[in-house]
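Colleague: Residue numbers (UniProt numbering), protein chains in the order written: chain A, 1 to 340; chain B, 1 to 340; chain C, 1 to 340.
Honestly, I wouldn't trust all of these hints.
[Unchecked claim] The calculated lysine-lysine pairs, modelled on DSS-like cross-linking and capped at a C-alpha distance of 25 Å, are:
| id | chain 1 | residue 1 | chain 2 | residue 2 |
| --- | --- | --- | --- | --- |
| 1 | C | 196 | C | 230 |
| 2 | C | 99 | C | 137 |
| 3 | A | 325 | C | 15 |
| 4 | C | 137 | A | 337 |
| 5 | C | 263 | C | 230 |
| 6 | B | 337 | B | 314 |
| 7 | C | 67 | C | 45 |
| 8 | B | 337 | A | 339 |
| 9 | C | 325 | B | 314 |
| 10 | C | 325 | A | 325 |
| 11 | B | 325 | C | 339 |
| 12 | B | 196 | C | 230 |
| 13 | B | 196 | A | 296 |
| 14 | C | 339 | A | 339 |
Simulated from the structure, these hints should not be mistaken for laboratory data.
Just so it is clear, the structure is predicted and the values come from calculations on it, not from any experiment.
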Amino acid sequence: MEFTVQQVADLLQGKVEGDNTIKVSTLAKIEEAKQGALAFLSNTKYEPFLYNTQASAVIVAHNLELKQPVTAALIRVEDPYTSFSTLLQYYQTAVIASKAGAEEPCFIGQGSVVGDNYYRGAFSYIGANCKIGENVKIFPQVYIGDNVTIGDNTTIFAGVKLYTNTVVGNNCTIHSGAVLGSDGFGWAPQADGTYKAVPQIGNVVLEDDISIGANTTIDCATMGSTIIRKGSKIDNLVQIAHNVEIGQHTVVASQTGISGSTKIGNNCVIAGQVGIVGHITIADKTTIGAQSGVSKSVKESGNIIQGSPAFDYKQNLRAMTVFRKLPELQRELELLKEKV
Amino acid sequence: MEFTVQQVADLLQGKVEGDNTIKVSTLAKIEEAKQGALAFLSNTKYEPFLYNTQASAVIVAHNLELKQPVTAALIRVEDPYTSFSTLLQYYQTAVIASKAGAEEPCFIGQGSVVGDNYYRGAFSYIGANCKIGENVKIFPQVYIGDNVTIGDNTTIFAGVKLYTNTVVGNNCTIHSGAVLGSDGFGWAPQADGTYKAVPQIGNVVLEDDISIGANTTIDCATMGSTIIRKGSKIDNLVQIAHNVEIGQHTVVASQTGISGSTKIGNNCVIAGQVGIVGHITIADKTTIGAQSGVSKSVKESGNIIQGSPAFDYKQNLRAMTVFRKLPELQRELELLKEKV
Amino acid sequence: MEFTVQQVADLLQGKVEGDNTIKVSTLAKIEEAKQGALAFLSNTKYEPFLYNTQASAVIVAHNLELKQPVTAALIRVEDPYTSFSTLLQYYQTAVIASKAGAEEPCFIGQGSVVGDNYYRGAFSYIGANCKIGENVKIFPQVYIGDNVTIGDNTTIFAGVKLYTNTVVGNNCTIHSGAVLGSDGFGWAPQADGTYKAVPQIGNVVLEDDISIGANTTIDCATMGSTIIRKGSKIDNLVQIAHNVEIGQHTVVASQTGISGSTKIGNNCVIAGQVGIVGHITIADKTTIGAQSGVSKSVKESGNIIQGSPAFDYKQNLRAMTVFRKLPELQRELELLKEKV
Chain A
1 MEFTVQQVAD LLQGKVEGDN TIKVSTLAKI EEAKQGALAF LSNTKYEPFL YNTQASAVIV
61 AHNLELKQPV TAALIRVEDP YTSFSTLLQY YQTAVIASKA GAEEPCFIGQ GSVVGDNYYR
121 GAFSYIGANC KIGENVKIFP QVYIGDNVTI GDNTTIFAGV KLYTNTVVGN NCTIHSGAVL
181 GSDGFGWAPQ ADGTYKAVPQ IGNVVLEDDI SIGANTTIDC ATMGSTIIRK GSKIDNLVQI
241 AHNVEIGQHT VVASQTGISG STKIGNNCVI AGQVGIVGHI TIADKTTIGA QSGVSKSVKE
301 SGNIIQGSPA FDYKQNLRAM TVFRKLPELQ RELELLKEKV
Chain B
1 MEFTVQQVAD LLQGKVEGDN TIKVSTLAKI EEAKQGALAF LSNTKYEPFL YNTQASAVIV
61 AHNLELKQPV TAALIRVEDP YTSFSTLLQY YQTAVIASKA GAEEPCFIGQ GSVVGDNYYR
121 GAFSYIGANC KIGENVKIFP QVYIGDNVTI GDNTTIFAGV KLYTNTVVGN NCTIHSGAVL
181 GSDGFGWAPQ ADGTYKAVPQ IGNVVLEDDI SIGANTTIDC ATMGSTIIRK GSKIDNLVQI
241 AHNVEIGQHT VVASQTGISG STKIGNNCVI AGQVGIVGHI TIADKTTIGA QSGVSKSVKE
301 SGNIIQGSPA FDYKQNLRAM TVFRKLPELQ RELELLKEKV
Chain C
1 MEFTVQQVAD LLQGKVEGDN TIKVSTLAKI EEAKQGALAF LSNTKYEPFL YNTQASAVIV
61 AHNLELKQPV TAALIRVEDP YTSFSTLLQY YQTAVIASKA GAEEPCFIGQ GSVVGDNYYR
121 GAFSYIGANC KIGENVKIFP QVYIGDNVTI GDNTTIFAGV KLYTNTVVGN NCTIHSGAVL
181 GSDGFGWAPQ ADGTYKAVPQ IGNVVLEDDI SIGANTTIDC ATMGSTIIRK GSKIDNLVQI
241 AHNVEIGQHT VVASQTGISG STKIGNNCVI AGQVGIVGHI TIADKTTIGA QSGVSKSVKE
301 SGNIIQGSPA FDYKQNLRAM TVFRKLPELQ RELELLKEKV
């Protein structure tokens, strides 16, 4: 996509200084921008970059007074940071929105219904009896099993796999390689040392405004649903086991694993590589530090925990400080024993 | 799939109480069941749910005496729990078994042979010279490289990737996104600081009755085979490196990583997010706690270990208890030093 | 692929002893080799295997004196180990090189250019305006978004997903299920407890000679590029967040996660299951032990760190040694307190 500086200025209700026919095709930081890029200057700390940037155009404030000549075209606006954020959003949305229609070959099973304004990439597969909303983008090589429901304005990137009966809400984004609905890991030990599969016939439900990261796995419930509630954001390579429930507006960072039947509250922040055991409850607004191992329920909301096993964040920090000095502590104890 | 209550009762050799023409299409817990669902009542603790469940039908014991009127149809059987488990198994198997034939387009290379009663989903790929057994279900977008062998009654879900020469036994299940046979991570450091690839020409062998979780990765051996033995169950996002051998009936939970050439015994239980270094041996019936880091061989069978690095589970628990109190310990030592 | 012993001997400039028409089709260790395999004997410790191996042929040194009769054909060379390594390399390259042409169906978008001597597997997808170099192997079900650039001699295995604008250099290998260019995990918390997506419009750049493991995820930069520099090797299931930069010839083992905007130096060795926080810098030649959690920058090069949080490797080892004895330490302190 290429735009003239004037087109960008019109969009931002800004005023051009310099050549308004210059074309820009990407967005960049002022200190890294190359020809063809549009940058912005908000923090005056970065003003020196303005005078030697290779950017083709720069968004600046109405009231900025130039101290040296500038080769880039300028777009004068009220608040350069907000204007640039608007462009970023616009750019990202435009890239996805430009996808439309059904590329061939793609597969659609009997009884499935797809809403208006969809995109279905080549080699994508939609099973039987699916209901897919409006303005849904299904990228190439996506697999959608039978009886899947997908809401409006949802984007499913290349190679996502949704097992039979999965439910996805409105305004969701699922990144490549994510798997929703694989069997929960339920094995009944037998007397002879072998294992018998516990049938897993439930599904996965994503409510609205959910984001699922690349190669994340969410198992179906044994019965009922594994549920991610409205507005929660899950990063890459996260494992969510059968019958887990994650509350609203909770953020789970990469490589974290949540074991079966655990319930996570609303507005929690769970850092990367955390492990949480099964069948516990985490209260609302809990923050869990990176690499923590949570072995029991967190009952009061608003706590910060850390460590493996995890306990109060500050206590853990103090214990870790002493941990590093353990050899000295041991020596001091030995000396003391000799003295006494 | 929809069944009448009478059809279900016939299957379970049970007796209907109420309207035997009511239709059920799913299975649910009695406390969560909605219209159209079939539930069961085994533990009398749940009996109060029976009198206001929305389930269309409930499986109950022959000898259950009703204390209030029930709107759901009842199916009377000897042992409701066993009957319900039978239905769960039946339901899950039926969903997969209903898949049959070859959807188009799918790709099959020269010299490959597929047994009877198969399912091959659209956009699935079978390379050259493969031998695929009877009653094998290959879901859409599966990749099977050249010279791959797959036994009878095995199910391979959407998007699984099996590299060239992989061997999969009978009655195996491989979940979406799992990768078997990618190159082992072998790099010979060179004098100039660069790395040269150690060729990885071996394969991956799954014996019978194996389950592999979603997005799990199993590297091929440098030479010979990376082997998972009969009956073992591997969860999601597990990493199994080149030349690893996992014994029979061993369970490995999510996000665990096993480094190159390590041999795991039979009937081990390995919890989630465990890391095991390369070139060691873990004895039969070893249990390894979550997030443990195993840095040396476990020689005697039947032990439970925990921690990073891992040692005896109980010792680790005791040490962790003191760890939390380290700041106090340090203070007490300081006080004592002053006194002496 | 099948070769006569004479063909192999010619390739290695060796001399055949025995039947030079015998055919070999695989390579194996002398202690594991079966009929049809070619093995080698370098370390004389393994010489006893030579006299009862089932291998069809064995590469041995010119000066080896046989102590018993051998049934396998022998290929005499100067240095059996080097000769065998040459064959391994040759074998692995040959398997990939044998793939050629475009299998159907595959998808290629408008304006995309593919160099000579390519392989494009069935169900692979190349978007619009891509530039793909010479001798590139694109396996089945690969997804390549719009505006992607791929250098010469690069191999992309089945099911890899490259988002729009990804740049891959020469001589790279990307294993199945890897995802490059998914959105960075950037969420701006709003006053009402919800999150707003920070647009992620950058890309991923792999320089030359990079290897990416199976199911690894590399997010695109918010703006600019997430970069892996020349010669670095990334294992399976690794997470690399937005705007991360990994230097040259750095090795990252499985299941490690690197958070946003962190810069890793050249020639580092990062073990498995390591977590590194965002916005820090790791100096050249740093070694990080398995399961470490790195919470601050490493400023001097050449250090070895370990632990969560990580500090000097030897100090950590000493502290861990005392950690195991904490219960005893506590008892001794109690005894001492009583005495004083």
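Colleague: Evaluate each hint against the coordinates.
Modeller: Each hint, compared with the structure:
{"no.": "1", "hint": "C/196 x C/230", "in the structure": "violated, 35 Å"}
{"no.": "2", "hint": "C/99 x C/137", "in the structure": "holds, 7 Å"}
{"no.": "3", "hint": "A/325 x C/15", "in the structure": "violated, 64 Å"}
{"no.": "4", "hint": "C/137 x A/337", "in the structure": "violated, 70 Å"}
{"no.": "5", "hint": "C/263 x C/230", "in the structure": "holds, 15 Å"}
{"no.": "6", "hint": "B/337 x B/314", "in the structure": "violated, 31 Å"}
{"no.": "7", "hint": "C/67 x C/45", "in the structure": "holds, 14 Å"}
{"no.": "8", "hint": "B/337 x A/339", "in the structure": "holds, 10 Å"}
{"no.": "9", "hint": "C/325 x B/314", "in the structure": "holds, 13 Å"}
{"no.": "10", "hint": "C/325 x A/325", "in the structure": "holds, 14 Å"}
{"no.": "11", "hint": "B/325 x C/339", "in the structure": "holds, 22 Å"}
{"no.": "12", "hint": "B/196 x C/230", "in the structure": "holds, 13 Å"}
{"no.": "13", "hint": "B/196 x A/296", "in the structure": "violated, 46 Å"}
{"no.": "14", "hint": "C/339 x A/339", "in the structure": "holds, 11 Å"}
Hint check: violations occur at hints 1, 3, 4, 6 and 13; the rest are consistent with the structure.
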